[in-house]
Amino acid sequence: MHNSAWLWFALIVLLSWGIVGLLQKLSTNYLSAEWALVWLAVGFFVLEPWLYPGHVLFKYSLRSSGWAFLGGVLNALGAWALLAALKSGGKASIVAPFTALYPVVVVFLAPTILHESISARQALGVVCALIAVVLLSTESSEKSSA
Amino acid sequence: MGMPEAIKAKWFWYSIFCVLCWGAWALVSKLGTEGISASGMQFIFAFGFIPVALMAVIARRARFERNLKGIGFSVGNGVLSGIGGLALFAAYRSGGNTSVITVATALYPVITVALALLVLSERLTRLQAVGLVFAALAMIILAS
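Just so you know, the protein sequences line up as chains A and B, in that order. Residue numbers for the first sequence follow our numbering, so the first one is 298 and each next one is one higher. Residue numbers for the second sequence follow our numbering, so the first one is -13 and each next one is one higher.
Among the hints, erroneous ones may be present.
[Claimed, not checked] With a straight-line cut-off of 30 Å between C-alpha atoms, the simulated DSBU-like cross-links for lysine-lysine are:
id: 1; chain 1: A; residue 1: Lys356; chain 2: B; residue 2: Lys(-4)
id: 2; chain 1: A; residue 1: Lys384; chain 2: B; residue 2: Lys(-4)
id: 3; chain 1: B; residue 1: Lys(-6); chain 2: A; residue 2: Lys384
id: 4; chain 1: A; residue 1: Lys388; chain 2: B; residue 2: Lys(-6)
id: 5; chain 1: A; residue 1: Lys356; chain 2: B; residue 2: Lys(-6)
id: 6; chain 1: A; residue 1: Lys388; chain 2: B; residue 2: Lys(-4)
None of these hints come from the bench; they were simulated from the model. Since we're looking at a predicted model, the values are computed, not measured.
Looking at chain B on its own, in the form it has when it is part of the complex (with noise of 0.2 Å):
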């Protein structure tokens, strides 16, 4: 039993922050989503972005880093976040439930699992195989 442990560590505060933080993100998307459309969403969802990444580096004093690969990578996230931020946007604007739609886009770690095993020769735990079928019994339960 670490709980009462893990209460009083900053780690746990910071996660409960970060769940609150993207929970919320969904719902204020989707009431975004009711006036604008899916790519006037994605657009200004990204100056949303800006004051918080100048605050971490400010915060932190981070000095500049530009190794390539690294920037190459993380470009290449954003892109690929947008897309997908565009996707859900769209899934928001099609009408379909709200909680049905952010829990079957939440299920993206079955990609990343996939790609693990095949880009970083990373093995699958017992566990994760375990939730790979769970995610395909709720994507069969879901799409139905």
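Bound-form chain A, shown alone (with noise of 0.2 Å):
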């Protein structure tokens, strides 16, 4: 009840990504995977004038610098496991969903780093929420996969 501007900012990450994810099918239409990555980077490279952040960018600590730093390389190196998952044979159908499970690795593990937890009805919404990634993330009609 208290704090909901978090969820005004959510859903600015499900458009965009929304949209994102259909740009992912289309792009590797034409290009493979990894000029698909390297060309997803040029287009976060296209935004950085705008977050340039100025001089406080050197006041950071070098510990939430590092955070965001190895954000960036764990992100990409989900991406790329998940083309070649793939790429070595996993059905789209079935790959999709598996991976939309990462929400879970935070739910389990944010108590213990985080040291956050979720009330009852939380859970209930994380469950439903979770049932509901995999369930969307199953493959639309019977479109071939490339």
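Fit the two chains together into the complex; they arrive one by one in their own frames, and the hints show the way.
Given below as structure tokens:
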């Protein structure tokens, strides 16, 4: 009840990443997975001039900057592993719902690493969301995977 | 029961690795946002992508590709992923529960499925329809 600001940001995430899901399908129709990843990184850098925080950048602690950089590495490695899974014979109808389960790692580790717990109501929402993510990630109609 | 077979398959372990990487990414992102603004986070995050993208190209010896349509879609992908990342970091900074935010934002296939219906003229499967109902339920519960 107290803080719903996150919800508005979450809606922006849903919209932008929802479109990304579609563009991903389209981009790999024309490019290999590796070059799709490179051009995706280029897309990140298109935003950099607007994101540049100024001199504050050099005042960030090494620890926090390290987490941010590591986040980029981990995200990219995850994307690469997903593409590798698909290339090494994994069916998109199984791999996509499987990899969509990454929030489970957060739900399990957040209490120990971040010292955060969730209420019973939130737990119910989390379970519904995880079921939804798995079901929604199943393949649409009989589109042949590339 | 294809499970024992799956465990022997490469794709299975790649998928597990993906889940672990993305789970860890969400956790370290939360830790990072405790000391850095959302825009600063996204700014630094982008640099983390470079070594992996280069490694991917070098390891696979992938030849340079310049299909303009493909490049357009991929760059657009990066821009939108960046905007989404920025919003995610802002959500983490807002003080909301990390598990709840991570799960709620992972619901983005709702939009992908809706767009695939409209743009790619794909049809909604029964499983996806049930998924939409669960997604709506989840959002109602998490937002209340």
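- Violated constraints from the hint list, given by number and in increasing order: Violated hints (numbers, rising): 1 and 5; every other hint is consistent with the structure.
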